[in-house]
Each structure stands twice: as structure tokens, then as C-alpha cells.
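J.: In order, the protein sequences belong to chains A and B.
Take 60 as the starting number for the first sequence in the working numbering and just add one per residue.
Take 60 as the starting number for the second sequence in the working numbering and just add one per residue.
Read the hints as simulated data drawn from the structure, not as lab findings.
There could be a bad hint or two in this list.
Copies of the same chain are indistinguishable here, so a pair counts whether it falls within one copy or spans any two.
As the list claims (entries may be wrong) - Below, computed lysine-lysine pairings styled on DSS-like, alpha-carbon distance capped at 27 Å:
#1 K453 to K443
#2 K255 to K450
#3 K258 to K450
#4 K321 to K450
#5 K300 to K443
#6 K117 to K443
#7 K179 to K258
#8 K71 to K155
#9 K280 to K155
#10 K258 to K117
#11 K300 to K179
#12 K255 to K453
#13 K179 to K155
#14 K300 to K450
#15 K321 to K478
#16 K179 to K255
#17 K155 to K443
#18 K258 to K71
#19 K443 to K321
Residue-level listing of the chains:
Number of protein chains: 2
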Amino acid sequence: MASSRHIFQAPKGMRDFFPEDMAIRHHLEQAWRSASIRHGFDEINGPTFEHLELYTIKSGDGIVSELFSFQRSGGQTDYALRAEFTPTLARMVAAKGRSLTVPTKWFAIPDLFRAERPQKGRLREHRQWNVDILGVAGPEADAEVIAVAVAALRGLGLGPEDIRVRISHRGAAASMLAALGVPEDRMTEAFGLIDKREKLPSEVFTEQAAALGLQASGVAKLDEMTGSRISGDQPPASIAKTHGLPVESVAELDALASELDKRGLLPFCDWDLGIVRGLAYYTGTVWEIHDARGAFRAIAGGGRYDGLVEMFEGPSTPACGFGMGDVVLALLLADRGLLDGDVSLCPRPDVFVLSSGHDQAEDLLVPLSTGLRDIGLHVRHTWKATRNIGKQFKEAASCRARIAVVLGEEVGRGMVSVKDLDAAEQFDVSLGDLSTWITRRLAGGVERA
Amino acid sequence: MASSRHIFQAPKGMRDFFPEDMAIRHHLEQAWRSASIRHGFDEINGPTFEHLELYTIKSGDGIVSELFSFQRSGGQTDYALRAEFTPTLARMVAAKGRSLTVPTKWFAIPDLFRAERPQKGRLREHRQWNVDILGVAGPEADAEVIAVAVAALRGLGLGPEDIRVRISHRGAAASMLAALGVPEDRMTEAFGLIDKREKLPSEVFTEQAAALGLQASGVAKLDEMTGSRISGDQPPASIAKTHGLPVESVAELDALASELDKRGLLPFCDWDLGIVRGLAYYTGTVWEIHDARGAFRAIAGGGRYDGLVEMFEGPSTPACGFGMGDVVLALLLADRGLLDGDVSLCPRPDVFVLSSGHDQAEDLLVPLSTGLRDIGLHVRHTWKATRNIGKQFKEAASCRARIAVVLGEEVGRGMVSVKDLDAAEQFDVSLGDLSTWITRRLAGGVERA
Numbered sequence: 060m061a062s063s064r065h066i067f068q069a070p071k072g073m074r075d076f077f078p079e080d081m082a083i084r085h086h087l088e089q090a091w092r093s094a095s096i097r098h099g100f101d102e103i104n105g106p107t108f109e110h111l112e113l114y115t116i117k118s119g120d121g122i123v124s125e126l127f128s129f130q131r132s133g134g135q136t137d138y139a140l141r142a143e144f145t146p147t148l149a150r151m152v153a154a155k156g157r158s159l160t161v162p163t164k165w166f167a168i169p170d171l172f173r174a175e176r177p178q179k180g181r182l183r184e185h186r187q188w189n190v191d192i193l194g195v196a197g198p199e200a201d202a203e204v205i206a207v208a209v210a211a212l213r214g215l216g217l218g219p220e221d222i223r224v225r226i227s228h229r230g231a232a233a234s235m236l237a238a239l240g241v242p243e244d245r246m247t248e249a250f251g252l253i254d255k256r257e258k259l260p261s262e263v264f265t266e267q268a269a270a271l272g273l274q275a276s277g278v279a280k281l282d283e284m285t286g287s288r289i290s291g292d293q294p295p296a297s298i299a300k301t302h303g304l305p306v307e308s309v310a311e312l313d314a315l316a317s318e319l320d321k322r323g324l325l326p327f328c329d330w331d332l333g334i335v336r337g338l339a340y341y342t343g344t345v346w347e348i349h350d351a352r353g354a355f356r357a358i359a360g361g362g363r364y365d366g367l368v369e370m371f372e373g374p375s376t377p378a379c380g381f382g383m384g385d386v387v388l389a390l391l392l393a394d395r396g397l398l399d400g401d402v403s404l405c406p407r408p409d410v411f412v413l414s415s416g417h418d419q420a421e422d423l424l425v426p427l428s429t430g431l432r433d434i435g436l437h438v439r440h441t442w443k444a445t446r447n448i449g450k451q452f453k454e455a456a457s458c459r460a461r462i463a464v465v466l467g468e469e470v471g472r473g474m475v476s477v478k479d480l481d482a483a484e485q486f487d488v489s490l491g492d493l494s495t496w497i498t499r500r501l502a503g504g505v506e507r508a
Numbered sequence: 060m061a062s063s064r065h066i067f068q069a070p071k072g073m074r075d076f077f078p079e080d081m082a083i084r085h086h087l088e089q090a091w092r093s094a095s096i097r098h099g100f101d102e103i104n105g106p107t108f109e110h111l112e113l114y115t116i117k118s119g120d121g122i123v124s125e126l127f128s129f130q131r132s133g134g135q136t137d138y139a140l141r142a143e144f145t146p147t148l149a150r151m152v153a154a155k156g157r158s159l160t161v162p163t164k165w166f167a168i169p170d171l172f173r174a175e176r177p178q179k180g181r182l183r184e185h186r187q188w189n190v191d192i193l194g195v196a197g198p199e200a201d202a203e204v205i206a207v208a209v210a211a212l213r214g215l216g217l218g219p220e221d222i223r224v225r226i227s228h229r230g231a232a233a234s235m236l237a238a239l240g241v242p243e244d245r246m247t248e249a250f251g252l253i254d255k256r257e258k259l260p261s262e263v264f265t266e267q268a269a270a271l272g273l274q275a276s277g278v279a280k281l282d283e284m285t286g287s288r289i290s291g292d293q294p295p296a297s298i299a300k301t302h303g304l305p306v307e308s309v310a311e312l313d314a315l316a317s318e319l320d321k322r323g324l325l326p327f328c329d330w331d332l333g334i335v336r337g338l339a340y341y342t343g344t345v346w347e348i349h350d351a352r353g354a355f356r357a358i359a360g361g362g363r364y365d366g367l368v369e370m371f372e373g374p375s376t377p378a379c380g381f382g383m384g385d386v387v388l389a390l391l392l393a394d395r396g397l398l399d400g401d402v403s404l405c406p407r408p409d410v411f412v413l414s415s416g417h418d419q420a421e422d423l424l425v426p427l428s429t430g431l432r433d434i435g436l437h438v439r440h441t442w443k444a445t446r447n448i449g450k451q452f453k454e455a456a457s458c459r460a461r462i463a464v465v466l467g468e469e470v471g472r473g474m475v476s477v478k479d480l481d482a483a484e485q486f487d488v489s490l491g492d493l494s495t496w497i498t499r500r501l502a503g504g505v506e507r508a
């Protein structure tokens, strides 16, 4: 059956999550969820597939080839696997209309899909954390969503020497492009070109820039400006001045700087005219988080999108937010030695119950384990036929159990032998006291039996 | 734009999860995950879509109309949204082959999809908890997965008066059908008919039973046997004897009864010849969990499937497990008054910070909130322009914050006023002591400032 061999693998660009992979996924999600909740965001989610038109209404039919789309067998309606979360978010906000509390602070952790050739850091299915504030026009909202992103990354062990929040503004980018002669009606196209410039061969970039009306000197100037970055503790106005851009084009970034400062975030930030974001719907601040060495794709991207909810027939709603995927983030953490890639992120058993094989011990093995599970403990025991105590201790160690309970002959006298495997200390405990003893020991108490 | 109105809703049979809905989803998942981990199961997951053939190889092409299937635009490969998790599981087990630890105890919480007309309790997308033990042929594995299912349901507040584990065996069902004259090669078909009998009009059931070779008297007898159920504390053999079936056909259930008893589960169980499960791959024990009144669809279904891993070219592997979806379970919990349907399942803020509007208070609002978030607390403050303290206290109460910190004039003297909103007690605390004070108070300590 060699011809069907491929069906025994996950489809291209899709992932199987074995326990160690799942532990990493939980580790990331835990950091994401914790940062979101600490900052007062409520979790939402939506369907895994949407009406195809939800994507085409915003991006045009050109987007269809990047989507996995389908109909129900014999059906008429076009669906597409969710490619990004923002259209779902805008739809949900629009559906609630004016009944929503303002501001609406929401986060979501959906699976997203892209019908592309898989590349390093970019798979066909990935999980993406989305954080958004709707209903606040001021820079305090932009600063707050950046704070949430940075809090999660700090929670994962990354500091300002590992990650940089690179911030710009669509107004600054438009100013820059206008100064170089790009006409107003080709701005969106020009943003797209700048966004992908690092991935294009330079001759392709030059050619496409020329098609937008830039001279060779303009291309060089664009290269210089988009390659220009200053650290967050300097005023954004200075980068505008350097390049002869109007200071007003970065006025909103000055206000943002002050809000970032209140949250202690400036050491993580750079002002960077090379950031524009590819998506058409951004209207103001735009930002990305990159690894400091620039070795990976962007870890997160976001910005302000004040027009989007209205596009979905909701009330006019200022909004900003970001998305952060799991794939690049896991690559970066592994690169920094912050993911062990072994079982150490898997839940540790509280108790491993061993049996000597004596009748009374055997009779007690399952009921005792059941009782300890009923009070909330993570309990394992061997499933092998062997009753060799040494082998059972090995099994207990390999799953990293904290406490071993040995059921032996002394069960007949109502006693068991208990070993704290971390402390390598052993005790005799009566069966009647066992659950209390274990609970206290796990809580850090050093009971003597 | 009335014609595009439908795109502003979730597709038919798909769900939007607003914060209250999401809190319910987390409540169920938390019970599922906790029961799984306590019993020593490791979490896995797989891709949201698989190769279409992964489903047709097992079920034939007839399954295709029940799947959402598609190709990548311009591609050649057929994919289908994951309809059940077991094929993915079998594929993952087969891929690891003999390198897996035996037994393999795995659980997963995937989203699954059905291209059917949505019905009460049956949607096009749902989340399903799957728990499986691979590598154990004996009834201790069947009992253990039943124990996990019951532990989760008990964790959600359901007792033996709410839910019943209805257990049978494919051997007993085959015995019963053979006695009625169903030929060996039509057993799978007959299992399918019994499985759906409660949903079929009786004349359709009679007609289809006749097509399997049953006389009118046989149909009546089948009805009687499949409608027959005895409580778990009675021996399974007695139900066989009542209907003149060979006692050997329930011998494995006798062994299962003893394993269930060790785990204290018999009060939750019934022996029920009406349970066969519709899926073709079950080979032994089969069981479903229903609400005791029979008002809803099955809450969970599972059994033994010893031949499946081999079908996916893995080593011969005895296996058993079950699936439990979120839709029927949530309906039952709501019916029993065990889901509040309001915000009470949403995370409670630890702290709500209020500002009187004085300059020093305003300057402190965000840095103080940031500092408390940095030590792991869930902190909110008003985003409204008002600095009316009464209105801010209302906001704190409506999000059910535990502690209110009021920043007023006394901030100038390094002091804040703190209110424990649950205890309705108020304290003056110095800014330097604040985070320690709050941490202790939340941990249950009754600090006096």
C-alpha cells in the first residue's frame, strides 16, 4: 500500500502534537492567557471556518487562492477556513453593536489556516494569540496591547536583549512615500511593497518601486529610511527630523511614547520607519515584534484599525490589537534555550503507587489510587506485570513523580512506606493518615510520620 | 447590502463564543483536563484537517457526503476537516510503532466537524474530549477510561442520579442478533440499525430489521432485548440468562464489573443490551453515557477497538477509549442548574484601581496597575473619563473585583485606601506595603494595616 503511505502522515504544513509538543503548546498558551487576564481582557473565540465572503469583502477576490475554501457536498454556500481572526472579531463586535461595554477588551487563541507552500516559521495551520481593544481612540490603548504582548514574552523568559518592539505609524509611512513621489491612490500598494522588502531580491524591489513612480534615487532614499531605526528612549520626532519628514507625521508616536513609558516598556521598543504592515486595514500606529538579531520572521504584528468594524456594518469604532503565532515564537524560545524539548514541561505526577505483589497490596493498588485521584491528585502506577520494586521506582522516576507510595507486606498492619522522591527521604505512614500526609507534603510541609 | 447580511453571522451550525460562552467552554475543558491528568493521561492533538483518505480507508466512500472536504486551489490532494479523532490517533500511534511506551495513555481535546443539518445537541463544529488506552487487552483499561469519564462529570457536579453509564459488549449483541437469525456477514449493518433505533419511526425500524432477515416476532424480541437494562450492581450474566443468551457472551462484562467495582463506579453503571455503537471498528466492550432521564442525546460513547491501529499499518495493538462532546454536556448541565449562564465562571479581577482624579493619583494609576500585574495579579481600572468614585466602585462590583485600591489625595503622603469588596472591610495601607498586603489578603490572610 505504498501509494496510500502519505495518508499515515499529517498533511503537508500541518502538525501532530505528541505529549512533548503539546506541553510546549500549553506553555505558550499559558503565558498568553495569563498576560491577557492580568491586563483585564476577556477571552472569546469563533468558528473554525467562516463564510468565504467574510474575507473577500475586505480583501477582494485575490485572497481566495490563499484560502482553503469549500462547499458542503451538494450545498451552495462558500466557506473558508479562518485565515486570520480580525474579520471574525469585527463581525462579532458589529453583531453586538452598541450593546457592548466600551471599551471592549478581548483576546482569542484561534487556529488559523493558509493555503501556501509551508516555509520555516510559516505553516498551513498555526495557533495565533489575538489581543484587541475596541472603543478607545487614544494611544493608551495601543500602549496597553503592546504591554500585554511584552508581558507574555517576558513570562516566557525573553528580555529586551532578545526581542524588540519595532513601532511606526501609517501617517509617517505615507509622509515618507509622498515625499518620494508616490501618488495618494497607490499608498496601500506601496505599504505592501515596503512590508515585504526584506523578502524580495533587490532588483525585484527596485522594479516594483519604479512601477510606483520612484526614481533610482528615490529607491535608495526609501531603502535608507526604511532601514532606519532608533531606540525607544529617543523621541520619535528625531527620526522624522533626520529624514526631513514633517514632525506632525509622528506626533501620535510621541503621545504613544509617553504611554509606553508609564508602563516601563521603552527599553523594549524601537522607532522604525521600516514597519508598515501588509494588511490594508491599518489606519495609524503599526508595530511588529522581532527577535533582536533579526534571524526569524516577525513574532507578532499589530496596529490601529479604526475603520474595520464599520466595514462590517457595525458602529464606527476605534480599535487596535495584534496577533502572535505559535510557530516563530517556539523557534525563538528553542534558539534561546528556553524550551527544553523534553518532558520537563509535562505535568508531574504527585504520586506513583508501587505494589510488592502481596495479595493485600494488590487489592489496595487501584482503590488507593482512586481515592487519591478523587481528592485531586495526579496518580500513576505501573501497568506492567512486573512487581519488581526497583523497576517500579525506575518508572516513577522516569515520569518525574514527586512521591512514591510502596504497598508491601506492612499493608496488613495498616502501614505503607512513602518516599519523597525529590528530597530522597523515606517515611512510614499509616493508611488512615496517608492522604493528609501527602497533601501536606506536596504543599511544602515537612511532616514526620 | 441585505444580500450579504448572512456573512455577518457565524455559518449555520457554527458558534461564536462571547466571554460568557468561553467561560463555559473553559469550565468543561478544565473538568476534562483535570480528570485526564489525575489519571495519568498525556495530552496530544493533531491537525484540524487530514487527508480525505484517512476517513475513507476505514469507512468507505459513503462517508464523504458527511465530511467537509476540499483541495488547495490548484492542488491535487483531497483533504477533509477532522470528523472524529480516532483515525488521527490511530495514525499517530502507527507512526510511532513499537517505540511507544506501553501502555500509551493519551487524551485530546480537538474540534470536530460534520457536514450535516444541525440539530439540537448536534452542531457542525463541536469540541470533543477523547481518552484512550493503547496496549492493554484486559478490562482494567476499559474500567480506567470509564473512570476518567465519570470523574470529569462528577467534577462538574453530576451524580449517579443524573448520569448513567450504559454498558454492553459487541459479543453479546452478536449473540442476540445471531439468535434472531441475522447472518454473520450482516452483523455490522445490524449494529448500525440497533444504534439508531430510538431515532427511527417504528415502521422504518421494522422494515429495515425485516431486510436483515428478521420475522415480525424477531423484531418484537429484538425490541424487548435492546430495551432491557439492569443496574450495575447486578451481575451481567443475569441479563444474558433472562434473554436466553449464552453466558459466555457477557463473560468479559463480568470481568469488567469487578474492575469497575474496585474504582467505586458500579453505582453509575447499567448493563444495557441496547448499546452497540454505530461505528464499525468496535470489537468488544461498548458503552455510552446518557442523562438518567433520557432527555438528551448520548453525552459520551466509547468502547474497545482492538483492530484499528493495525488497519493504519501499525503493530497489532489492543485499544479502548471514548469521546465526549461539549454540546450535549452543556445542555445537560444547564438543565440541572449547574451552569449559571452569566459571568460567574469568568475570571475575577484581583484588584480594581480607582482614581480620585487628583494629579498624583492620575500619575500613579497606570504604573501602580502595571506593577501589580507584573507580580501576577489580575488588575483592572476604569477606561471612562469619569473620576466619580461611586461610579468606579460600581464598575469594580460589576466585574466582581475582590479588592479595590482607591488612589486619592493621600497618595501625596504615600498612603492609599484599600477595600476588601467581598468582606466589605476598608483599610489604609502605605504604598510601600501595598503589593505584599494584597498578596496576603488574597491568600486568605487577614492583614490589618
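J.: Run every hint past the structure and note whether it holds.
T.: The hints, checked one at a time:
1. K453 to K443: Within one copy only: 12 Å inside a chain, 59 Å across chains, cut-off 27 Å.
2. K255 to K450: neither (57 Å within a copy, 48 Å between copies)
3. K258 to K450: The answer is neither: 55 Å in one copy and 52 Å across copies each exceed 27 Å.
4. K321 to K450: So K321 and K450 pass the 27 Å test across copies only (25 Å; inside, 57 Å).
5. K300 to K443: neither (73 Å within a copy, 35 Å between copies)
6. K117 to K443: Classified as neither; 58 Å inside a copy, 31 Å across copies.
7. K179 to K258: within (13 Å within a copy, 50 Å between copies)
8. K71 to K155: between (38 Å within a copy, 18 Å between copies)
9. K280 to K155: neither (46 Å within a copy, 55 Å between copies)
10. K258 to K117: Cα proximity of K258 and K117: one copy only (25 Å, versus 44 Å across).
11. K300 to K179: This pair counts as neither: shortest intra-copy Cα distance 38 Å, inter-copy 64 Å.
12. K255 to K453: neither (53 Å within a copy, 48 Å between copies)
13. K179 to K155: between (39 Å within a copy, 24 Å between copies)
14. K300 to K450: neither (72 Å within a copy, 44 Å between copies)
15. K321 to K478: between (50 Å within a copy, 25 Å between copies)
16. K179 to K255: within (16 Å within a copy, 47 Å between copies)
17. K155 to K443: This pair counts as between: shortest inter-copy Cα distance 20 Å, intra-copy 56 Å.
18. K258 to K71: within (23 Å within a copy, 40 Å between copies)
19. K443 to K321: Between. Shortest inter-copy distance 18 Å satisfies the 27 Å Cα cut-off; intra-copy 59 Å does not.
Violated hints, listed in ascending order, are 2, 3, 5, 6, 9, 11, 12, 14; each of the other numbered hints is respected by the structure.
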